[in-house]
Amino acid sequence: MTVTSFPSIASRTFPQAHSIEMISELLSSVLGGSQHLLILLPTWTAALWILWYCWKFILSPHFYKDEPPIYPYYIPFIGHLRSFIQDAGSLVKKAESCFGEGKLFGVQIAGKKLYIITSAEGTKEFYRNTTALDFTAFQLDTLKQFGMSPAGCKLMSKHIQGRTNGRDRINIDLIVDVHHRNLHSSANLGQIASPVAEYISNALRLETLPEQCIRFPGPRTEGKVVSLYTLCEEVILRANITGFWGNDLLDIAPDLVSTTSTLDRRFHNLLLRIPRLLEPEVYNLRDKVLDYFDRYMDIPMKARTSLSPLIKELEQTSRDLGLSQRDIAVYHLAWLLASNNNIHAACFWVLAHLAESPDLANKVREETAGIARNALSFSPAEALKDNQLPCLMALWREVLRFYGGPHTSGRHVQEDTVFTGKRLRRGASLLVATSTLQRDKAVWGADADEFVPNRFLRSPYLAKVANYRPFGGGISHCSGQHLAFVEMAMVVACLLDRFDMQIVPGVEETAFPQPFKAAPLLGIMHVREGDDKLVMLVPRLTGR
Numbered sequence: 075m076t077v078t079s080f081p082s083i084a085s086r087t088f089p090q091a092h093s094i095e096m097i098s099e100l101l102s103s104v105l106g107g108s109q110h111l112l113i114l115l116p117t118w119t120a121a122l123w124i125l126w127y128c129w130k131f132i133l134s135p136h137f138y139k140d141e142p143p144i145y146p147y148y149i150p151f152i153g154h155l156r157s158f159i160q161d162a163g164s165l166v167k168k169a170e171s172c173f174g175e176g177k178l179f180g181v182q183i184a185g186k187k188l189y190i191i192t193s194a195e196g197t198k199e200f201y202r203n204t205t206a207l208d209f210t211a212f213q214l215d216t217l218k219q220f221g222m223s224p225a226g227c228k229l230m231s232k233h234i235q236g237r238t239n240g241r242d243r244i245n246i247d248l249i250v251d252v253h254h255r256n257l258h259s260s261a262n263l264g265q266i267a268s269p270v271a272e273y274i275s276n277a278l279r280l281e282t283l284p285e286q287c288i289r290f291p292g293p294r295t296e297g298k299v300v301s302l303y304t305l306c307e308e309v310i311l312r313a314n315i316t317g318f319w320g321n322d323l324l325d326i327a328p329d330l331v332s333t334t335s336t337l338d339r340r341f342h343n344l345l346l347r348i349p350r351l352l353e354p355e356v357y358n359l360r361d362k363v364l365d366y367f368d369r370y371m372d373i374p375m376k377a378r379t380s381l382s383p384l385i386k387e388l389e390q391t392s393r394d395l396g397l398s399q400r401d402i403a404v405y406h407l408a409w410l411l412a413s414n415n416n417i418h419a420a421c422f423w424v425l426a427h428l429a430e431s432p433d434l435a436n437k438v439r440e441e442t443a444g445i446a447r448n449a450l451s452f453s454p455a456e457a458l459k460d461n462q463l464p465c466l467m468a469l470w471r472e473v474l475r476f477y478g479g480p481h482t483s484g485r486h487v488q489e490d491t492v493f494t495g496k497r498l499r500r501g502a503s504l505l506v507a508t509s510t511l512q513r514d515k516a517v518w519g520a521d522a523d524e525f526v527p528n529r530f531l532r533s534p535y536l537a538k539v540a541n542y543r544p545f546g547g548g549i550s551h552c553s554g555q556h557l558a559f560v561e562m563a564m565v566v567a568c569l570l571d572r573f574d575m576q577i578v579p580g581v582e583e584t585a586f587p588q589p590f591k592a593a594p595l596l597g598i599m600h601v602r603e604g605d606d607k608l609v610m611l612v613p614r615l616t617g618r
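Letter by letter, the sequence shown follows residues 75 to 618 in our numbering.
Mixed in with the good hints there might be a few duds.
Stated by the list, open to error - 20 Å max Cα-Cα, derived EDC-like pairs, lysine to aspartate or glutamate:
#  : residue 1 : residue 2
1  : Lys187    : Asp208
2  : Lys591    : Asp605
3  : Lys496    : Glu175
4  : Lys186    : Asp215
5  : Lys218    : Glu199
6  : Lys218    : Asp361
7  : Lys228    : Asp215
8  : Lys386    : Asp368
9  : Lys591    : Asp208
10 : Lys362    : Asp322
11 : Lys167    : Asp208
12 : Lys437    : Glu456
Derived from the structure by calculation, the hints contain no laboratory data.
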């Protein structure tokens with residue numbers, strides 16, 4: 075490229091002409107060089123990318139045969155982030171087809187290496203190894219993403235007297251103890267579940283159905299058309315909020331149900347450490363709920379109404395440890411999400427399948443009639459017995475198997491270790507591919523990809539196989555699993571006892587709702603956005 079204007083200026087007879095001529099030559103040189111640089115830049119970029127790809131996925135595996143292979147990706151650092159968020163289950167299937175079924179492999183998620191376990195043997199070792207594979211680091215990282223301060227995380231990782239699971243105890247173990255004491259004991263579980271069950275029983279009557287779930291209201295004798303998903307979400311969210319925190323929290327935060335519902339669908343972005351710049355809404359929602367709990371704790375504990383023993387002990391233990399009020403709010407938020415995230419989604423799938431199968435609904439109605447009519451004296455311990463509600467328990471287990479999300483448990487690799495014959499490096503993370511395990515045809519049969527309501531009735535042993543991990547295992551075994559079943563059973567019992575679920579007249583029948591796979595949730599998949607199950611709830615004369 076040449077600059078034609080400068081020579082005419084330089085030919086003029088004034089002292090600066092020589093300097094201008096020198097500048098002209100310099101500009102010509104730079105611009106000419108830039109032109110060549112622009113031409114070569116794509117070539118050099120492509121060459122560097124090819125070198126990187128060949129080293130990363132062709133040459134490097136030969137030098138590090140003792141490490142799990144990494145599933146190839148095209149964009150450095152970003153890796154499989156988009157695929158992982160959009161459909162983690164499909165990503166795992168593609169990787170399995172590349173490396174073979176049951177093989178341990180790695181994926182790259184925004185600079186973080188995740189090893190994926192797809193075999194039952196690997197899962198057993200995952201839960202047994204409590205030294206090199208640390209769950210507490212995973213917990214602390216989650217609390218940090220939920221908004222806990224660095225000082226709070228440091229305090230929760232402080233060592234205390236005693237040992238647990240082959241390691242020294244730390245403060246966070248005291249919080250885990252609170253959950254176990256309150257949710258594993260039959261007596262304590264009954265005390266906690268009682269107000270929740272009472273709310274559910276009162277809410278599931280024709281005159282008290284949540285307005286948000288009603289699509290076409292009609293006369294009392296004809297019933298009402300409702301959205302099953304919204305019904306489950308509204309009833310269970312409000313039952314848990316009032317059952318655990320009393321009415322004081324909803325007085326402070328009247329929009330908490332809708333806010334929690336939105337956050338519930340998006341909080342996986344917090345766990346994936348998506349920057350606030352890219353996901354401002356989820357961070358704003360998180361902070362909004364933390365503000366609500368901050369204001370809630372401004373009320374003296376003695377002045378709060380209907381405070382659950384679990385929440386009372388959780389908050390008091392946190393205060394005794396020296397956590398700030400804002401950091402205690404993080405624990406409230408964590409329990410709010412944990413107690414709602416999976417229960418209402420699983421309950422929806424149970425009801426959706428019951429609505430599709432009147433014969434099964436009648437069997438479950440007979441099993442659960444006593445629960446609906448004795449809500450105030452409902453015994454969780456009795457409901458949890460396999461022989462007490464066999465059809466409902468089998469349906470529940472199949473829902474957990476079929477609609478289980480891609481993963482249930484995670485661990486951080488605290489030190490270099492050998493895992494299923496492969497070397498794992500410190501700093502990486504491990505996830506169990508639950509959906510892969512729970513659809514393994516070698517275990518579940520040729521119909522593993524189908525929903526079979528009586529699967530666990532015809533083969534009860536499947537509830538105890540290593541491939542069935544809906545609630546995780548080991549030290550990360552979900553402490554709220556019994557409460558989840560109790561709440562679901564109460565919703566199903568009251569709904570079936572008081573209503574017939576009928577096809578909506580005059581509305582074209584749609585396909586069965588599909589799960590929302592575009593979220594790598596640690597639990598049950600929600601219904602896909604835009605899908606739902608509309609039913610007409612017609613009052614039964616024998617219902618109470």
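Do the hints match the structure? See the list:
{"no.": "1", "hint": "Lys187 to Asp208", "result": "holds, 16 Å"}
{"no.": "2", "hint": "Lys591 to Asp605", "result": "holds, 13 Å"}
{"no.": "3", "hint": "Lys496 to Glu175", "result": "holds, 16 Å"}
{"no.": "4", "hint": "Lys186 to Asp215", "result": "holds, 13 Å"}
{"no.": "5", "hint": "Lys218 to Glu199", "result": "violated, 27 Å"}
{"no.": "6", "hint": "Lys218 to Asp361", "result": "holds, 13 Å"}
{"no.": "7", "hint": "Lys228 to Asp215", "result": "holds, 11 Å"}
{"no.": "8", "hint": "Lys386 to Asp368", "result": "holds, 15 Å"}
{"no.": "9", "hint": "Lys591 to Asp208", "result": "violated, 28 Å"}
{"no.": "10", "hint": "Lys362 to Asp322", "result": "holds, 17 Å"}
{"no.": "11", "hint": "Lys167 to Asp208", "result": "violated, 26 Å"}
{"no.": "12", "hint": "Lys437 to Glu456", "result": "holds, 18 Å"}
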